[in-house]
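Heads up, the sequence shown is in full-length UniProt numbering, so the first residue is 1 and it goes up one at a time.
Hints are not guaranteed to be accurate.
[Claimed, not checked] Pairs of lysine to aspartate or glutamate, EDC-like flavour, derived with a Cα cap of 20 Å:
id, residue 1, residue 2
1, K64, D48
2, K65, D48
3, K65, E35
4, K136, E120
5, K64, D101
6, K65, D46
7, K65, D101
8, K136, D81
9, K64, D91
10, K64, D81
[Stated by the list, open to error] The calculated label-pair distances, taken between Cβ atoms and stated as ranges, are:
id, residue 1, residue 2, range
11, K64, T112, 34 to 44 Å
12, Q25, T142, 40 to 50 Å
13, F12, G117, 17 to 27 Å
14, M135, P36, 35 to 45 Å
Rather than coming from a laboratory, the hints here were simulated on the basis of the structure. Idealized CB from N, CA, C, for every residue including glycine.
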Amino acid sequence: VEDTLYNVHRYFFARDSAHFRAILQGAVQRTAAIEPCVLSSVNCADFDEFLAILYPTDFRRPAKKTTAQWIAVLHLAAEWDFANIKLLAIDNLTATATPIDKIVLGRRYGITDWLPGAYEAVCTREDPLNLEEGMKLGVEDTVRISAVRQ
């Protein structure tokens, strides 16, 4: 990851992710030596947050994560098919994500339970969409929300 070599137990990755199970089985078949698995589309900060789920420093009181950190965990869990970690991220984001984030993430990751309440919150709030929110949502959602608000 970004020229950083991590030494992690392959067990979690092979057990919980069909994506990594296929990669790791292919690596074992090609060579007896364990080769590094290059993760080119990931940055170290996001990977560290993901690993903190697999390797918590305190099992009784897990470290608090920001919404941005949970979004990073959700992204990697969805990309790598870690279903249980994806559900954990969704559970944590349900309480902390903004309605705008719930719309964007709900559409991107198929979290349909979030969408009705998030759309309602955005359409009925007092403040109009701002530029940053419009950029996050994209043209189609921005136009539809604006039409409902009028």
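For each hint, the structure was consulted:
The straight-line distance between the Cα atoms of K64 and D48 is roughly 14 Å, inside the 20 Å bound, and the hint therefore holds. Taking the CA atoms of K65 and D48, the gap is about 12 Å. The hint holds against a cut of 20 Å. The suggested pairing of K65 with E35 is violated, with an alpha-carbon distance near 32 Å, which exceeds 20 Å. Taken as a hint, the K136 and E120 pair is honoured in the structure, with Cα atoms around 17 Å apart against an allowance of 20 Å.
For the hint pairing K64 with D101, the CA-to-CA distance comes to about 19 Å; that is within 20 Å, so the pair holds. Using a Cα cut-off of 20 Å, the hinted pair K65 and D46 holds, with the two alpha carbons roughly 12 Å apart. About 16 Å separates the Cα atoms of K65 and D101, which keeps this hinted pair within 20 Å; it holds. For the hint pairing K136 with D81, the CA-to-CA distance comes to about 24 Å; that exceeds 20 Å, so the pair is violated.
For the hint pairing K64 with D91, the CA-to-CA distance comes to about 13 Å; that is within 20 Å, so the pair holds. With a C-alpha separation of about 23 Å, the suggested pairing of K64 with D81 is violated against the 20 Å cut-off. Distance hint check for K64 and T112: the Cβ-Cβ separation is about 27 Å, which falls outside the suggested range of 34 to 44 Å. As the Cβ distance of Q25 to T142 is approximately 44 Å, the hint placing it in 40 to 50 Å holds.
About 33 Å separates the C-beta atoms of F12 and G117, a value inconsistent with the hinted range of 17 to 27 Å. At about 36 Å, the beta-carbon gap between M135 and P36 stays in the expected band of 35 to 45 Å.
Consistency note: the structure conflicts with the earlier hints numbered 3, 8, 10, 11, 13.
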